[in-house]
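K.L.:
Top line first, the protein sequences correspond to chains A and B.
Using my numbering, read the first sequence as starting at 28 and increasing by one per residue.
Using my numbering, read the second sequence as starting at 28 and increasing by one per residue.
Treat the hints loosely; a few may be bogus.
Identical copies look the same in the list; a pair holds intra-copy or inter-copy alike.
[Unchecked claim] Calculated pairs, DSS-like style, for lysine-lysine (alpha carbon to alpha carbon, straight line, at most 25 Å): (1) Lys464 <-> Lys398; (2) Lys368 <-> Lys141; (3) Lys219 <-> Lys360; (4) Lys98 <-> Lys84; (5) Lys91 <-> Lys372; (6) Lys222 <-> Lys415; (7) Lys368 <-> Lys225; (8) Lys421 <-> Lys222; (9) Lys360 <-> Lys186; (10) Lys411 <-> Lys270; (11) Lys186 <-> Lys368; (12) Lys141 <-> Lys284; (13) Lys225 <-> Lys91; (14) Lys368 <-> Lys398; (15) Lys464 <-> Lys57; (16) Lys372 <-> Lys60; (17) Lys297 <-> Lys243; (18) Lys284 <-> Lys464; (19) Lys443 <-> Lys413; (20) Lys57 <-> Lys372; (21) Lys417 <-> Lys180; (22) Lys284 <-> Lys233; (23) Lys98 <-> Lys372; (24) Lys91 <-> Lys31; (25) Lys186 <-> Lys398; (26) Lys439 <-> Lys84; (27) Lys368 <-> Lys391; (28) Lys258 <-> Lys344; (29) Lys284 <-> Lys391; (30) Lys186 <-> Lys391.
Don't read these hints as lab results, they were simulated from the structure.
The lines below spell out each chain.
2 protein chains.
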Amino acid sequence: MGEKVEPRTLPGFMELMPNEQILMNQMREKIQKSYEKFGFLPLDTPIIEMAEVLLAKAGGETEKQIYRFQKGENDLALRFDLTVPLAKYIAQYGNEISFPFRRYQIGKVYRGEKPQKGRFREFYQCDIDIIGDGELNIINDAEIPSVIYATIKELGFDKFTICINNRKILNGLYEFLNLKEQSVEIMRIIDKIEKIGKDNVIKELKNLNIQEEAIKTILDFISIEGTTDEKLKSLQTLQIENKLWNEGVTELTGVVKNIRLFGVPDENFKVDFTIARGLDYYTGTVYETFLNEYRSLGSVCSGGRYDNLAEFYTDRKLPGVGVSIGLTRLFYKLNEMNLMKVDRKSISDVLVISMLPDISESIKVATELRKAGINTEVYLNDKKVKAKFKYANKLNIPYVAIIGEEELQNQKVTIKDMESGEQEMLTLEEAIQKIRKVASPDVQIASQLHT
Amino acid sequence: MGEKVEPRTLPGFMELMPNEQILMNQMREKIQKSYEKFGFLPLDTPIIEMAEVLLAKAGGETEKQIYRFQKGENDLALRFDLTVPLAKYIAQYGNEISFPFRRYQIGKVYRGEKPQKGRFREFYQCDIDIIGDGELNIINDAEIPSVIYATIKELGFDKFTICINNRKILNGLYEFLNLKEQSVEIMRIIDKIEKIGKDNVIKELKNLNIQEEAIKTILDFISIEGTTDEKLKSLQTLQIENKLWNEGVTELTGVVKNIRLFGVPDENFKVDFTIARGLDYYTGTVYETFLNEYRSLGSVCSGGRYDNLAEFYTDRKLPGVGVSIGLTRLFYKLNEMNLMKVDRKSISDVLVISMLPDISESIKVATELRKAGINTEVYLNDKKVKAKFKYANKLNIPYVAIIGEEELQNQKVTIKDMESGEQEMLTLEEAIQKIRKVASPDVQIASQLHT
């Protein structure tokens, strides 16, 4: 072979070492299983769509970031989220679908952002949405946080807060204050309060020519403190007379009541009037989720209620509510901060190493171990014994099964615990029991089914 | 909203209804678990790569089918298989990887083929490969069929045949007959023997100006019949004197011996001298797998041994052996022929339906069912009871849990078996036991862990 091409991966595209990939896959599986426990149906849409279809709604920043290209006659684009494909799917197959349509989708999406540390151009989103046909009961807005709660718990975290707000409250407030036109800019300023402080927020609001009384009302609103119930009560004291506001307060109060019914403890959710979630998409309840000890990660699970999912494709009214976990970024951050809380660090539970020139006994033992539900690799290549153990170590395989002359004659197998270094010669049945104790959940299952 | 965009999916891109997606996902998970049972490590490479990197080797048909496009300064392409990304990965991270490197990858690949029934432009491949650093023991070639065997069994099939050949035997034969240059064309003709018959094969070979004696040898070779051992023995009687041929015969004989050692029954594999698997890629053992009763599906799992995985990227010698399942096409065919053999037809094991205006008891019951490992959906929207049962039916949910006045007062729940139509009022614990009996493997696990 002549000239070599330099093997390299595009910047902004995550490519993991196998030991990291094992952790990433466990996160993905935990999220999937949690979504399925609530009866969300799987969906898998193409990564490539017609640009016209995918960009029916998009504009501005999104359109600039899109991967768009010609293939033959076709103007194509890669999906940049999982919501637009869902809208397309429901508009397309609406008559075959049963409503409410509860679906999850876990898949890669593409955004040609300026690549920087922790920002990816290809990343996994893990979405759930509940879509109604014409209408969707507000109680669905209370179920979503219970799915978030179960999922984040499943990922190994206890200290997290699902922050809830309602866009109608925000829109109603600004409508009441005759500041509807400026509301986007006001919310942008308020969003900075933690960084720049209250006084600077007041200054910037004054620069927008907002009346002092209105500023006072806005600050009173975002400064509401207390327990969830106290906060809801405080909304009354602001004396906002506005239909939208009232609707929002009623919805939020109902959602909070039902969240408790769905079993989410008070320490894991709160009402937060500063949460707005973007500008024109959400129309009611909105959610953001923070790990209490790692708020710098930003929201790990966000979403909300929207009135009309597929208006660019159909006249059919399709209200919905949903949330999304940005898995790639979350994994990247947790891994970087050494916060990954997963069960297993290897695929194989045991590596079988033969001390004999004939490898047949090792293969027989491996076949039996696999039958018992244990992930088993046989070291098949001619290497020194030391190299074989080093391989087990590098792959984090917890046990090595050694087959030598003595084991063969006694029909036993020596099991070495790679962490403690201890080893003992056991019958196959004893070995299976021993390995099962620290092995994967799957193996524990097989064990249960076996006994 | 004004003008609507017609929601539609590109031709050649599979998009399933949820009930089909449930089946597809089960197939994918079974394959993944089977690969992991043999200790293959997960890998997930980007779908987009630099065109220069991805096309280092490609040419001809492949290059024409590629999705290739510019984004900013970059010349990009979508992966068309999982082997080139593997080669890139190993060349790139070779010093951090432990060899032998055993990896699986399950992911979408892209080929802009002319779309036709059963042909897809976006499809899943499920690959395993074992890569050695400098060398790779031939015994790995025997382990691969044992992985194929376990995986196809896992997919629910018993009657299938893994066909095995060795490219060195083929290349040695044509070298011996001084037909090396014409070997590609000869194999193309031989490939048609089932369709056109032996006489027409002879005629076409004569048209290539091949000597009668050589034609006789070729026909004797491909006509070898008998058991696997008889076939291997018959190779001797052909009196081919060629180094490559001899190497191939030795390898194939060794592989057959070891396949048995790996526990693959004789009825599930055979030596087949007509298997060639393409032209320049494979260098030793080659595999194809057929479902005996559905040979028209073509090979469902194919692959082989190659001398040098990453020669376009590195001087490092990286021999390997692997196989691939074309999942999308296999699912499409099995589904079309009604041959899907999977355990579950729904995500939810039970749908909770409230007969009361207050839904709180239903939510409490659902939370308990989920704690017991049962996938549970609560019907949250205001519909007539009939519509709720219809929903359960359409989603193939096996049980409905009904909460009415009587159930509430007795602290019980009525469980309706949606297939038999039978229903009985049970305590929650009894209900859990009943649902577990037909529910998903996960639930059975939870049941085992519970008792």
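K.L.:
Does each hint fit the structure? Answer for all of them.
P.N.:
These are the hints, each one checked on the structure:
Taking the shortest alpha-carbon separations for lysine 464 and lysine 398, both the intra-copy value of 16 Å and the inter-copy value of 23 Å come in at or below 25 Å. When the C-alpha separation of lysine 368 and lysine 141 is checked against a cutoff of 25 Å, the pair qualifies neither within a copy, at 30 Å, nor between copies, at 46 Å. For a Cα distance limit of 25 Å, the shortest separation of lysine 219 from lysine 360 inside one copy, 23 Å, qualifies, whereas the shortest one across copies, 56 Å, does not. Taking the shortest alpha-carbon separations for lysine 98 and lysine 84, both the intra-copy value of 22 Å and the inter-copy value of 22 Å come in at or below 25 Å.
Neither within a single protomer nor between protomers do lysine 91 and lysine 372 lie at most 25 Å apart by alpha-carbon distance, with minima of 40 Å and 41 Å respectively. Within a single copy, lysine 222 and lysine 415 get their C-alpha atoms no closer than 54 Å, and across copies no closer than 50 Å, so neither meets the 25 Å cut-off. Taking identical chains as interchangeable, the C-alpha atoms of lysine 368 and lysine 225 are never at most 25 Å apart, the minima being 38 Å within one chain and 63 Å between chains. Taking the closest pair of Cα atoms, lysine 421 and lysine 222 never come within 25 Å of each other, the shortest separation being 44 Å inside a single copy and 52 Å across copies.
Taking the closest pair of Cα atoms, lysine 360 and lysine 186 come within 25 Å of each other only inside a single copy of the chain (17 Å); across copies the shortest separation is 48 Å, beyond that limit. For a Cα distance limit of 25 Å, the shortest separation of lysine 411 from lysine 270 qualifies neither inside one copy, at 79 Å, nor across copies, at 31 Å. Only within a single protomer do lysine 186 and lysine 368 lie at most 25 Å apart by alpha-carbon distance; the minimum there is 13 Å, versus 42 Å between protomers. Taking the shortest Cα distances, lysine 141 and lysine 284 never come within 25 Å of each other, neither inside one copy (43 Å) nor across copies (56 Å).
Proximity of lysine 225 to lysine 91 under the C-alpha cut-off of 25 Å is found in neither arrangement, the shortest distances being 35 Å within a copy and 61 Å between copies. For the identical chains of this complex, lysine 368 and lysine 398 are inter-copy neighbours only, at 21 Å across copies versus 29 Å inside a copy, given an alpha-carbon limit of 25 Å. In the homo-oligomer, the alpha carbons of lysine 464 and lysine 57 lie at most 25 Å apart both inside one protomer (21 Å) and across protomers (24 Å), since each shortest distance falls under that limit. Proximity of lysine 372 and lysine 60 under a CA criterion of 25 Å is satisfied in both settings, with 19 Å inside one chain copy and 16 Å between copies.
Proximity of lysine 297 and lysine 243 under a CA criterion of 25 Å is satisfied intra-copy only: 23 Å inside one chain copy versus 84 Å between copies. With identical chains, the CA atoms of lysine 284 and lysine 464 are never at most 25 Å apart, being 42 Å at best within one copy and 35 Å at best between copies. When the C-alpha separation of lysine 443 and lysine 413 is checked against a cutoff of 25 Å, the pair qualifies only within one copy, where the shortest distance is 14 Å, while the shortest distance between copies is 60 Å. For the identical chains of this complex, lysine 57 and lysine 372 are neighbours both inside a copy (15 Å) and across copies (21 Å), given an alpha-carbon limit of 25 Å.
For the homomeric pair lysine 417 and lysine 180, neither the shortest alpha-carbon distance inside one copy (35 Å) nor that between copies (33 Å) is at most 25 Å. Proximity of lysine 284 and lysine 233 under a CA criterion of 25 Å is satisfied in neither setting, with 37 Å inside one chain copy and 86 Å between copies. With identical chains, the CA atoms of lysine 98 and lysine 372 are never at most 25 Å apart, being 42 Å at best within one copy and 37 Å at best between copies. Proximity of lysine 91 to lysine 31 under the C-alpha cut-off of 25 Å is restricted to the inter-copy arrangement: shortest distance 22 Å between copies versus 34 Å within a copy.
Taking the shortest alpha-carbon separations for lysine 186 and lysine 398, only the inter-copy value of 20 Å comes in at or below 25 Å, while the best intra-copy value is 40 Å. In this assembly of identical chains, lysine 439 and lysine 84 lie within 25 Å of each other by CA distance neither inside one copy nor across copies; the values are 66 Å within and 49 Å between. Proximity of lysine 368 and lysine 391 under a CA criterion of 25 Å is satisfied in neither setting, with 35 Å inside one chain copy and 29 Å between copies. For a Cα distance limit of 25 Å, the shortest separation of lysine 258 from lysine 344 qualifies neither inside one copy, at 33 Å, nor across copies, at 68 Å.
In this assembly of identical chains, lysine 284 and lysine 391 lie within 25 Å of each other by CA distance solely across copies; the values are 14 Å between and 59 Å within a copy. Taking CA atoms no more than 25 Å apart as the test, lysine 186 paired with lysine 391 passes between copies only; the shortest distance there is 23 Å, against 47 Å inside one copy.
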